[in-house]
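S.K.: Listed below, chain by chain, are the residues.
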Amino acid sequence: SQTIHQWPATLVQPVGSPLSLECTVEGTSNPNLYWYRQAAGRGLQLLFYSVGIGQISSEVPQNLSASRPQDRQFILSSKKLLLSDSGFYLCAWKHETNRPYGYTFGSGTRLTVV
Amino acid sequence: AQTVTQSQPEMSVQEAETVTLSCTYDTSENNYYLFWYKQPPSRQMILVIRQEAYKQQNATENRFSVNFQKAAKSFSLKISDSQLGDTAMYFCAFMTSYDKVIFGPGTSLSVIP
Numbered sequence: 001s002q003t004i005h006q007w008p009a010t011l012v013q014p015v016g017s018p019l020s021l022e023c024t025v026e027g028t029s030n031p032n033l034y035w036y037r038q039a040a041g042r043g044l045q046l047l048f049y050s051v052g053i054g055q056i057s058s059e060v061p062q063n064l065s066a067s068r069p070q071d072r073q074f075i076l077s078s079k080k081l082l083l084s085d086s087g088f089y090l091c092a093w094k095h096e097t098n099r100p101y102g103y104t105f106g107s108g109t110r111l112t113v114v
Numbered sequence: 001a002q003t004v005t006q007s008q009p010e011m012s013v014q015e016a017e018t019v020t021l022s023c024t025y026d027t028s029e030n031n032y033y034l035f036w037y038k039q040p041p042s043r044q045m046i047l048v049i050r051q052e053a054y055k056q057q058n059a060t061e062n063r064f065s066v067n068f069q070k071a072a073k074s075f076s077l078k079i080s081d082s083q084l085g086d087t088a089m090y091f092c093a094f095m096t097s098y099d100k101v102i103f104g105p106g107t108s109l110s111v112i113p
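Chains as they are written, first to last, in our numbering: chain A, 1 to 114; chain B, 1 to 113.
None of these hints come from the bench; they were simulated from the model.
From a predicted model like this one, the values you see are computed outputs, not experimental measurements.
Take these hints with a grain of salt, some might be off.
[Said to hold, decoys possible] Heads up, simulated DSBU-like pairs for lysine-lysine below, C-alpha to C-alpha not over 35 Å straight-line: (1) A:K79 to B:K78; (2) A:K80 to B:K78; (3) B:K55 to B:K70; (4) B:K78 to B:K55; (5) B:K100 to B:K70; (6) B:K100 to B:K73.
[As the list claims (entries may be wrong)] Residues from chain B that keep clear of chain A, each with C-beta distances beyond 10 Å, as calculated: (7) A16; (8) T18; (9) S22; (10) T24; (11) T27; (12) N30; (13) Q44; (14) T60; (15) K70; (16) A71; (17) S74; (18) D99; (19) V101.
[As the list claims (entries may be wrong)] Derived CB-CB ranges, DEER-like: (20) B:S110 to A:H5: 46 to 56 Å; (21) A:L83 to B:A71: 39 to 49 Å; (22) A:A39 to B:P40: 40 to 50 Å; (23) A:A40 to B:T18: 41 to 51 Å; (24) B:K55 to A:S1: 38 to 48 Å.
Yeah, the Cβ is synthetic: ideal placement off N, Cα and C, and Gly gets one too.
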């Protein structure tokens with residue numbers, strides 16, 4: 001079966017510290033992968049998406065970056081966190097032939113920058 | 001620019017009653033997909049229902065149904081026989097030809113016992 005894993009579930013980091021959130025997909029190959037951020041009480045904002053290894057598209061300029069070192073691995077990073085980076089981060093995947101079904105989401109990471 | 005609008009930030013409904021959540025979108029594309037996602041307090045995003053724009057028939061999934069008006073770019077969600085477990089944030093979403101999903105701001109639905 002196809003599953004998506006995202007970790008950690010919660011994270012509290014000081015301002016200026018680095019960040020690494022990981023997302024992996026199992027049971028599929030060549031998925032499209034996405035990182036979204038959800039600020040408190042608000043909708044989802046697309047941050048990055050990737051259609052293949054090493055291919056990253058950024059939707060908004062910001063303090064974050066993404067990488068895809070392996071086919072089923074998607075990493076969200078920051079060198080120095082800002083208070084405004086706090087939020088709920090969701091990873092999602094979509095198989096290229098699964099278009100009518102939209103996304104499958106991971107369980108999310110709640111990031112608090114203090 | 002492609003956008004999704006949900007004009008009702010919060011709604012409430014009595015248990016067993018019916019409620020309709022509104023959604024409008026803006027796009028110049030002719031082929032696309034529309035979705036309603038549910039986010040309960042656990043914050044897990046769950047797909048509720050989907051609609052392909054080229055299909056005129058409204059999608060239905062058990063107690064959930066949509067009213068898709070392509071010309072008006074409207075995609076409302078009707079929940080029948082509301083249950084306490086339906087309490088959640090509901091997001092209307094639109095998938096572009098580039099397979100990016102654009103979400104609306106969400107509607108917080110509370111089912112009152």
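S.K.: Against each hint, give a clear statement of whether it holds in the structure.
M.R.: Evaluation of the provided hints:
With a C-alpha separation of about 45 Å, the suggested pair K79 (chain A) and K78 (chain B) falls outside the 35 Å cut-off, and the hint is violated. Proximity of K80 (chain A) to K78 (chain B) is assessed by CA-CA distance (about 44 Å); at most 35 Å being required, the pair is judged violated. This hinted pair checks out: K55 (chain B) and K70 (chain B) have alpha carbons roughly 10 Å apart, not beyond 35 Å. Our distance criterion of 35 Å between C-alpha atoms is met by K78 (chain B) and K55 (chain B), whose separation comes to about 18 Å.
A C-alpha spacing of about 20 Å is found between K100 (chain B) and K70 (chain B), which places the hinted pair at or below 35 Å, so the restraint holds. A distance of roughly 18 Å separates the Cα atoms of K100 (chain B) and K73 (chain B); the hinted pair therefore holds under the 35 Å criterion. Look at A16 (chain B): its CB is around 28 Å from the nearest CB on chain A, clear of 10 Å, so calling it non-interface holds up. Here T18 (chain B) stays apart from chain A, with its beta-carbon at least about 25 Å from theirs, past the 10 Å limit.
Non-interface call for S22 (chain B) relative to chain A: holds, since the shortest CB-CB distance, roughly 15 Å, exceeds 10 Å. Residue placement check: T24 (chain B) keeps its beta carbon more than 10 Å from all beta carbons of chain A (closest about 14 Å). No Cβ of chain A approaches the Cβ of T27 (chain B) within 10 Å, the least distance being about 16 Å, so the stated non-interface status holds. No Cβ of chain A comes within 10 Å of the Cβ of N30 (chain B); the nearest lies about 15 Å off, and the non-interface call holds.
Not every C-beta of chain A lies more than 10 Å from that of Q44 (chain B), the closest at about 6 Å, which undercuts listing it as non-interface. At roughly 15 Å from the closest C-beta of chain A, the C-beta of T60 (chain B) stays outside 10 Å, upholding its exclusion from the interface. For K70 (chain B), the shortest C-beta to C-beta distance to chain A comes to about 16 Å, beyond the 10 Å cut-off, and the non-interface label holds. For A71 (chain B), the requirement that its beta carbon stay farther than 10 Å from each beta carbon of chain A is met, with the minimum near 22 Å.
The Cβ of S74 (chain B) lies farther than 10 Å from every Cβ of chain A, with a closest approach of about 18 Å, so its non-interface assignment holds. Residue placement check: D99 (chain B) does not keep its beta carbon more than 10 Å from all beta carbons of chain A (closest about 6 Å). For V101 (chain B), the requirement that its beta carbon stay farther than 10 Å from each beta carbon of chain A is not met, with the minimum near 6 Å. At roughly 31 Å, the beta-carbon separation of S110 (chain B) and H5 (chain A) lies outside the given 46 to 56 Å, and the hint is violated.
One distance hint, 39 to 49 Å for the beta-carbon pair L83 (chain A) and A71 (chain B), holds here, with the actual separation near 45 Å. A hinted range of 40 to 50 Å is violated for the C-beta pair A39 (chain A) and P40 (chain B), which are about 18 Å apart. Against the hinted window of 41 to 51 Å, the Cβ-Cβ separation of A40 (chain A) and T18 (chain B) comes to about 30 Å, which falls outside the hint. At about 28 Å, the CB distance of K55 (chain B) to S1 (chain A) disagrees with the hint of 38 to 48 Å.
Going down the numbered hints, you'll see the structure goes against 1, 2, 13, 18, 19, 20, 22, 23 and 24, while the others check out.
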